[in-house]
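K.L.:
Between the sequences and the hints, there should be enough to build the whole structure, so can you do that?
So you can see what is in the structure, the chains are spelled out below.
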Amino acid sequence: MTRGPTWFNITSLVAGFAFLYLPIVLLVIYSFNESRLVTVWGGFSTKWYASLLQNDQLVDAAWVTLRVAFTSATLATVIGTMAALVLVRSGRFAGRSLFSGMIFAPLVMPEVILGLSLLLLFVAMDTARGFWTVMLAHTTFASCYVAVVVQSRLVGFDKSIEEAAEDLGCPPARTFFLITLPIILPGVIAGWMLAFTLSLDDLVIASFTTGPGATTLPMKIYSQVRLGVTPEINAVCTILVAFVTVGVIAASIVTKRQQAQRERDERAAFGAEG
Amino acid sequence: MPWEDPDQAPFIEFRNVTKKFGDFTAVKNLSLKIYKREFFALLGGSGCGKTTLMRMLAGFETPTSGQIFLDGQDLAGIPPFKRPSNMMFQSYALFPHMSVEKNIAFGLKQDKMAAADIEARVAEMLRLTKLEQFAKRKPHQLSGGQRQRVALARSLAKQPKVLLLDEPLGALDRKLREETQFELMAIQEDLKVTFLIVTHDQEEAMTVADRIAVMDKGELVQVATPAEIYESPNSKFVADFIGDVNLIEAKVTEKSDAGTRLTAAHDGFLIDSDQVTEAAVGDTVWFAIRPEKIRVTHGQSGPDAVNRIGGSVWDIAYLGGVSIIHSKTAAENVFRATFANISRIVEDPITWDDQVVFTFDRSAGVILAG
Amino acid sequence: MDEEHIPAPARRTLGGWLLIGVPYLWLLIFFLAPFLIVFKISLSQVAIAIPPYTPTFDLGEGWQAIWDGVTEFSVENYLWLTEDALYWKSYLSSVIIAGISTLLTLLIGYPIAYGMARSPQSLRPTLLMLVILPFWTSFLIRVYAWIGILKNEGLLNQLLLSLGLISEPLTILNTNIAVYIGIVYSYLPFLVLPLYASLERLDGSLLEAAEDLGCPPWKAFWKITVPLSLPGVIAGCFLVFIPAVGEFVIPDLLGGSDTLMIGKTLWSEFFNNRDWPVSSAVAVILLLILVIPIVLFQNQQQKMSENN
Numbered sequence: 001m002t003r004g005p006t007w008f009n010i011t012s013l014v015a016g017f018a019f020l021y022l023p024i025v026l027l028v029i030y031s032f033n034e035s036r037l038v039t040v041w042g043g044f045s046t047k048w049y050a051s052l053l054q055n056d057q058l059v060d061a062a063w064v065t066l067r068v069a070f071t072s073a074t075l076a077t078v079i080g081t082m083a084a085l086v087l088v089r090s091g092r093f094a095g096r097s098l099f100s101g102m103i104f105a106p107l108v109m110p111e112v113i114l115g116l117s118l119l120l121l122f123v124a125m126d127t128a129r130g131f132w133t134v135m136l137a138h139t140t141f142a143s144c145y146v147a148v149v150v151q152s153r154l155v156g157f158d159k160s161i162e163e164a165a166e167d168l169g170c171p172p173a174r175t176f177f178l179i180t181l182p183i184i185l186p187g188v189i190a191g192w193m194l195a196f197t198l199s200l201d202d203l204v205i206a207s208f209t210t211g212p213g214a215t216t217l218p219m220k221i222y223s224q225v226r227l228g229v230t231p232e233i234n235a236v237c238t239i240l241v242a243f244v245t246v247g248v249i250a251a252s253i254v255t256k257r258q259q260a261q262r263e264r265d266e267r268a269a270f271g272a273e274g
Numbered sequence: 001m002p003w004e005d006p007d008q009a010p011f012i013e014f015r016n017v018t019k020k021f022g023d024f025t026a027v028k029n030l031s032l033k034i035y036k037r038e039f040f041a042l043l044g045g046s047g048c049g050k051t052t053l054m055r056m057l058a059g060f061e062t063p064t065s066g067q068i069f070l071d072g073q074d075l076a077g078i079p080p081f082k083r084p085s086n087m088m089f090q091s092y093a094l095f096p097h098m099s100v101e102k103n104i105a106f107g108l109k110q111d112k113m114a115a116a117d118i119e120a121r122v123a124e125m126l127r128l129t130k131l132e133q134f135a136k137r138k139p140h141q142l143s144g145g146q147r148q149r150v151a152l153a154r155s156l157a158k159q160p161k162v163l164l165l166d167e168p169l170g171a172l173d174r175k176l177r178e179e180t181q182f183e184l185m186a187i188q189e190d191l192k193v194t195f196l197i198v199t200h201d202q203e204e205a206m207t208v209a210d211r212i213a214v215m216d217k218g219e220l221v222q223v224a225t226p227a228e229i230y231e232s233p234n235s236k237f238v239a240d241f242i243g244d245v246n247l248i249e250a251k252v253t254e255k256s257d258a259g260t261r262l263t264a265a266h267d268g269f270l271i272d273s274d275q276v277t278e279a280a281v282g283d284t285v286w287f288a289i290r291p292e293k294i295r296v297t298h299g300q301s302g303p304d305a306v307n308r309i310g311g312s313v314w315d316i317a318y319l320g321g322v323s324i325i326h327s328k329t330a331a332e333n334v335f336r337a338t339f340a341n342i343s344r345i346v347e348d349p350i351t352w353d354d355q356v357v358f359t360f361d362r363s364a365g366v367i368l369a370g
Numbered sequence: 001m002d003e004e005h006i007p008a009p010a011r012r013t014l015g016g017w018l019l020i021g022v023p024y025l026w027l028l029i030f031f032l033a034p035f036l037i038v039f040k041i042s043l044s045q046v047a048i049a050i051p052p053y054t055p056t057f058d059l060g061e062g063w064q065a066i067w068d069g070v071t072e073f074s075v076e077n078y079l080w081l082t083e084d085a086l087y088w089k090s091y092l093s094s095v096i097i098a099g100i101s102t103l104l105t106l107l108i109g110y111p112i113a114y115g116m117a118r119s120p121q122s123l124r125p126t127l128l129m130l131v132i133l134p135f136w137t138s139f140l141i142r143v144y145a146w147i148g149i150l151k152n153e154g155l156l157n158q159l160l161l162s163l164g165l166i167s168e169p170l171t172i173l174n175t176n177i178a179v180y181i182g183i184v185y186s187y188l189p190f191l192v193l194p195l196y197a198s199l200e201r202l203d204g205s206l207l208e209a210a211e212d213l214g215c216p217p218w219k220a221f222w223k224i225t226v227p228l229s230l231p232g233v234i235a236g237c238f239l240v241f242i243p244a245v246g247e248f249v250i251p252d253l254l255g256g257s258d259t260l261m262i263g264k265t266l267w268s269e270f271f272n273n274r275d276w277p278v279s280s281a282v283a284v285i286l287l288l289i290l291v292i293p294i295v296l297f298q299n300q301q302q303k304m305s306e307n308n
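Chains as they are written, first to last, in full-length UniProt numbering: chain Z, 1 to 274; chain F, 1 to 370; chain L, 1 to 308.
Incorrect hints may have been included.
Straight-line C-alpha distance at most 27 Å; calculated BS3-like pairs for lysine-lysine [said to hold, decoys possible]:
(1) K82/F <-> K109/F
(2) K138/F <-> K223/L
(3) K219/L <-> K138/F
(4) K112/F <-> K219/L
(5) K223/L <-> K112/F
What follows is a set of in silico ranges between Cβ atoms, one per label pair, in the way DEER data are often shown [to be verified]:
(6) I183/Z <-> E292/F: 49 to 57 Å
(7) S122/L <-> E292/F: 46 to 54 Å
(8) M125/Z <-> V291/L: 19 to 27 Å
(9) W7/Z <-> D117/F: 37 to 45 Å
(10) R174/F <-> A268/Z: 35 to 43 Å
(11) G156/Z <-> Q121/L: 18 to 26 Å
(12) F177/Z <-> T351/F: 52 to 60 Å
(13) L161/L <-> E34/Z: 21 to 29 Å
(14) K138/F <-> M125/Z: 48 to 56 Å
(15) D283/F <-> A268/Z: 37 to 45 Å
(16) G228/Z <-> D23/F: 54 to 62 Å
(17) R174/F <-> S122/L: 33 to 41 Å
Coverage of chain L stretches by chain Z, computed from C-beta distances (three or more under 8 Å per stretch; other residues unrestricted) [as the list claims (entries may be wrong)]:
(18) 115-121
(19) 147-156
(20) 277-288
(21) 295-303
In case anyone wonders, no lab produced these hints; they're calculated from the structure. Quantities reported herein were computed from a predicted structural model and do not represent experimental measurements. Here a beta-carbon is modelled for each residue, glycine too, at the ideal position from N, C-alpha and C.
P.N.:
As structure tokens, then:
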């Protein structure tokens, strides 16, 4: 569309973004509330952040969550990237429809079903539940998200670049690492970040598949939230929100810079030519 | 011809129209009169303001200053959907979710025309554009040429006072484009509607239009019939833009009521022209001469010869019907002449490195201001 | 691309097979096999044991034992689902709540996506980022944020009371309204993104052509913009509706005790009643309900990628 925005467009954008952001902003503001009553402003304070550090259970849960998120995101990135390559590059093979179905279905599947089915699998396999089972569960659904993200990057990829590498004598596997991977890397990194935050975020699947000693942060938050709103929870949430926001914004600034640099370089190159 | 008659009222008139986009001036204080039933072409390179001019007439852009009249009515403040003109878009802009019939009927439905009348009109349009058997198809099931005809039928269905065509044939391949040009002309004759076409293709403009306006940097450079524009360009820009031309920098050495005498700046040969120029003796001007107005013969020529350019053959492009001979003078300037291949076998063909002479008549070229 | 028309490569190397094999096997083991197990357990009986159902299979006991186990299967759990009104009411109310929420999300999301598509080109990446950003922040946190706003002494009631618009605090938290708000809020980006993509792709000259043919802008919106954005609308609605049907966190935290949603029912059946067979049966039926929209969604996605 080319036409400029009308007042109606501007109003709906402002209202829409206010709706999206106001709750989070309020949550952040009230994490600095002196008063224990979450909804009454009692002055500025950072005491709830200090009290967080005393809370060993929360710190332990945070540590478990980070470990799960890091491991599962990394594994999911490997599997998801392979799956994306299969979807875009492997051509036809027996069971392709089933394969793509299994990639896309978890994206919309209710989490209770995923959680329950994975738990029952681990029970049937007689696996001790805990860190590893949560990690495997997260890897499974996160790899589908990675596959979708990397796939969108691969679709816009000029296949003749790979063919040129092979034509010049590079075997397929090496072509992947030398040519394909560097080009799709932004997509792979975005996939990893998505997998990481999905794991960081997940309550339902972790609740089903966890075992003793592997309580994740969302589970901890959930059990406290059920008892009511507290400033400590606001503080934990604020830290998580800040963590993710900084990560996402930093990533987007880096990509934007690279893109701008690239455009400058291209302009300079064409300028020199003409 | 209506444009030669000072009493004739223009059908479309742009009066001192300027259009700015921020700092950029797309159209500069432009005035233009177009007459009823003309097939009028706006011709120019990309960014010359021709499309902006047309879009102002259609109502998609508002002039920064100036007025536009259509059939005596000032168009200011009239939104596009109330203007009596219709446009054929460059991209065709066919509604992808509607069949051919529905696309053609769309404008008629907006006028709340009776269903039976719409049906009759759509059928007529389908017949006119030879699309009868495609009526039920969706745009993506049509070839480029068929889509183009749907766009034409859709914009003609409302019997607009003016049909605006924005690069209508740009997406078609050469052969189809030529056919379609003649179809367009036939339809225009038939319906007696005023056509305004925007194009960057000078051949297309010359083929279809009664008159052409050549535009550059938001201004009109020349408005004339195709023959006038080709044979009597009013500027170096037009001469260079339309067709192939040799442009020779020269100095006016003599002038009289019978003609002008020029000396080529770099090669020193003399040019005798029957044209009376406004330039003074000693001024630098350009002499423009089309390659097909030059004869090529074997031979040599001195530096002070009149209407003779000596040189050696530097390149020959054989195009079938004609060959283009590039000849390089002693001062290393290259001139082009076309050579009609009248015979299949030539006894003494002109070939590479031959010494040749280009000769031309007093009336063959045009003197243009520097 | 149409699945039928994808050619198989002339030769597939060992690496090529490995590339397919690893993710395929992973998904078979961790995605497909679990469903078969869920199905199997849904046919079992609850037992006071570890694991809490019978029969259990041990491949070491040989085929006879497995066959004996199979004969113990029964559809009793499914019959139970039809007997107790709780279950069918939960299913029905889940679908209704998800449907209403999807509609609300569409009503709120369309103007946002439309505004984004009409904003200046230079601004669009930022707006897009602003829509995506909440998606990266924890779902749980976003739902939790609404508790402080919606509860009786919460921020919304404080605001409305101080403005004099109401004299008594409104009860919103622990009602279905809070669930609608929670779903709309959480799933809004899922609807806006595909919708924005289809609106942004819309060729502006189509609207100009409509206007040129005598159609005023508001009418051109209904005749051109809306039909052409339909694929985006459908994709967005599926992305909201399907997960919303099985939603657990939102009805649990924002809904009341009378808010019935199947995700919540399944959760309490599993964690509170420890009735694994019945919760498996609940999951199987939920899956059957969702299979139709999921398949429709995938077909539509495929059609969209073919058209591009």
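K.L.:
Now tell me, hint by hint, if it's right for this structure.
P.N.:
Here is what the structure says about each hint:
1. K82/F <-> K109/F: Measuring from Cα to Cα gives roughly 14 Å; hence the hint holds.
2. K138/F <-> K223/L: At roughly 16 Å apart (the allowed maximum being 27 Å), K223/L and K138/F satisfy the hint.
3. K219/L <-> K138/F: Given that 27 Å is the threshold and the Cα spacing comes to 22 Å, the pair holds.
4. K112/F <-> K219/L: holds, 13 Å
5. K223/L <-> K112/F: holds, 15 Å
6. I183/Z <-> E292/F: 49 to 57 Å: Given range 49 to 57 Å: holds, Cβ gap about 52 Å.
7. S122/L <-> E292/F: 46 to 54 Å: holds, 50 Å
8. M125/Z <-> V291/L: 19 to 27 Å: holds, 26 Å
9. W7/Z <-> D117/F: 37 to 45 Å: Cβ of W7/Z to Cβ of D117/F: about 39 Å, so the range 37 to 45 Å holds.
10. R174/F <-> A268/Z: 35 to 43 Å: holds, 37 Å
11. G156/Z <-> Q121/L: 18 to 26 Å: holds, 19 Å
12. F177/Z <-> T351/F: 52 to 60 Å: The hinted range 52 to 60 Å holds for F177/Z and T351/F, with Cβ atoms some 58 Å apart.
13. L161/L <-> E34/Z: 21 to 29 Å: Given a distance of about 22 Å, which is inside 21 to 29 Å, the answer is holds.
14. K138/F <-> M125/Z: 48 to 56 Å: At 53 Å between Cβs, range holds.
15. D283/F <-> A268/Z: 37 to 45 Å: holds, 42 Å
16. G228/Z <-> D23/F: 54 to 62 Å: holds, 60 Å
17. R174/F <-> S122/L: 33 to 41 Å: holds, 39 Å
18. 115-121: holds (count 6)
19. 147-156: Satisfied; 7 residues make the cut.
20. 277-288: Satisfied; 5 residues make the cut.
21. 295-303: holds (count 3)
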